[in-house]
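Just so you know, the sequences run in chain order A and B. Residue numbers are given in UniProt numbering: position 19 of the first sequence equals residue 19, and the series is strictly consecutive. Residue numbers are given in UniProt numbering: position 134 of the second sequence equals residue 134, and the series is strictly consecutive.
For the record, the hints were derived by calculation from the structure and aren't laboratory data. It is possible that part of the hints are untrue.
Here's a subset of chain B near chain A, in silico, CB distances under 8 Å, partners left out [to be verified]: (1) V131; (2) H138; (3) Q170; (4) D216.
Keep in mind that this is a model prediction, so the values were computed, not measured. C-beta atoms are modelled at their ideal positions from N, C-alpha and C, and glycine is treated no differently.
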Amino acid sequence: MKASLGRCARGVQLVTSRSLGPYQTAAVRIGLAGTWLLFLLREFPHRQLLYGPDGPWGWSMARRLIAGNDAFTLLMWSDGRLWFEAVYALAVVASALLLFGWRTRTMSVLFMVGVLSLQNRNIFVGDGGDNVVHLLAIYLVLTRCGQVWSLDARRAARAGAAGREPWADRAGPVLWAGGAAALAAVTVLGVAGWGWLLFFWTLLTGQALWWWLGRRAPDGQAYLLSDVVAHLVHNGALLVIMVETCLIYATAGWYKIQGSRWQDGTAVYYPLQLESFSPWPGISGMLAGQGLLVLVVTYGTVLTQVAFPFALLNRRAKNVLLALMMAEHLAIAVLLGLPFFSLAMIAADAVFLPTVFLLWAGARCARARAGVVRRARAVFGRGADGVPGDEEPAGPARKLPVRPS
Amino acid sequence: MDAYGGAGDAEADPEEETRGRDEDRTPSRRPGIGAQRAASPEHLPDPSPPAGRTAHTLGSAPGLAGAAPVPAGSRPAPPPVAADPAADSAPAPGSAEPDLVPVVSPGAVGPGIGALRVGNQVVAAVVMALVAAGVGVHLLMVFLHVAPANTVTKQHGQAVDDYIYPEFEQNWKLFAPNPLQQNIAVQARAEILAEDGTLDRTRWVDLSALDGEAIDGDPLPSHTRQNLLRRGWDFYVNSHDTAGVPNGMRGDLSERYVRRIVLARLVTELEGTRDGVIDRIQVRSRTTPVPPPPWSDEKVSRKPVDRELTWWSVTDSDVPLDGSLQLRRDGEGGAR
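Isolated chain A, as found in the complex (with noise of 0.2 Å):
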């Protein structure tokens, strides 16, 4: 009873003082903001054509149907094409910083509200790869998740370093301002639903408060309380992320079981035979003609789905079913030609890897930047240092308690 009780206490003190896998949640966001962020270039030519206010599904038709169901997007505001090349160009800068984690919070409520804007104005585009980005793209807003791997924890790291005040910095308050004067204009023409203006405030405030606490007194009761808060709702977050990937294996998983494809061995071969998901018609029929390889990998796909959530409970087990379903999925990306969908599914991998495989490909990652700044100094004559890597502070000169949002 007692240990228990210690255990509970021990457990509130860990969610409310530190911001659970901070490596976990990085990766998380720069999984998913380079697939949105190569989604988007990729379609940069049919950008019209799928979202456009002139393609098919034109901007009335798309009215209607989200008069019935509220979603949100920024592109019912205007039917013009300014408008919508501004969305799509807000939505690609976005991923691209969100990637970098400069300004993270912020840009991932810009990440969010772009992958929100163009999924929601054509949803008849879209497939799980979509889904998961829609999701994970909200639940990341209330993570903080450049607390390393970031632009942002460089510069913590620096200011920290040189002994600099770290409230002395001009674009965050710059930032805030224009956020702020967008929402009070957003919300003077009444475009968008009183709950998302309801959520953007609350988050705009918090974001000032939070700053305008610390500043004034960093060892402050009300600082350390908002600081308690944050720290839960990171988590409280973390948790749903990491529940939502186990609901999505699941459900893959359990509905499989029922189907009598699954079951006779031969469901693998069917997809490998279908038009739209068969980019190397060859390869593709070359496997399903083998009848052994078609039944473990259709086998083996349902026993690691259905395992996968109760695998947590093993380390070991897990990391050895994550590593599965990441192959896996690497393969569904090419045979299937389904590459935007198996990087976001394994940008949702992610949040499951051991902070030790993170740190050791930091790591390489680091290292082989350095090589390149190495090799572009010694081109150029000099130094390119200001460069930005997303994957650049993974050195132990990067484990400084450096505080992120």
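Let chain A serve as the given structure and place chain B on it in line with the hints.
What follows is chain B alone, placed relative to chain A:
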């Protein structure tokens, strides 16, 4: 059925969805944070690795020392964050370098609830309860949404839908319960009014086959080739009964949508082949079962099943992206 296409098709549920959740009060990333000062006045930030690593091992956070270990009145424990991935230190592939053994993860380490005054501890406990409740409710709703229809959803399905739609909708029946076992080709033809007043009917153009060819060898297939027509047709089929009667607004919209997708494609395909104006178009789907695998003794009829829609008269406003119904044969002037 075809799962990768299923998600994202929001039902028209005219209810509010965003409940301003209480835990949304997220103090956010602010420029320059009085980080180290707050957390550890005596540990001035030091870029050297050892200091950084050891300064904030769990539980050593300044402020914790003098504080009562637990707030007496603390509320129900938070959700099982025991599954904390950060705590995970299983051996990783490629094993870490010696200097990278993670003693503690970096990031914000605050004094936590233990350093708060009693009044603030109560506030923190309330917030924790709210976050826990929010997380619990959200996950329950999502679970009920993805689970099959059951005792609870039969009674409270509307409440679940109200919460889920439109932003949390999801469908993870990925190729389940059974993968799609037919190739569904959407084909179209047009009647073209020539300048001399004759009506010319084109052959069927297999738009899905063209999509299939377009993604061949493409490592990054475009949604315009993989999803646009395929999911547009799904939308049409799902919002019409088998006799082709639209069900309400979605039926109307889907019809218009398919017509516009097809028209854009037909214009591209037919442009340059003849002179005239597209007058009407007709769409059909041709469903061909995938033959059973070579080792199977199942017999499946390979006969395609067609579903033909009525002819649609089209106008210039039906052509997306400011296109035109006017076709010109190659090499006869005109804006090509």
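### Query
If you check each hint against the structure, which ones fail?
Hint check: nothing fails, all pass.
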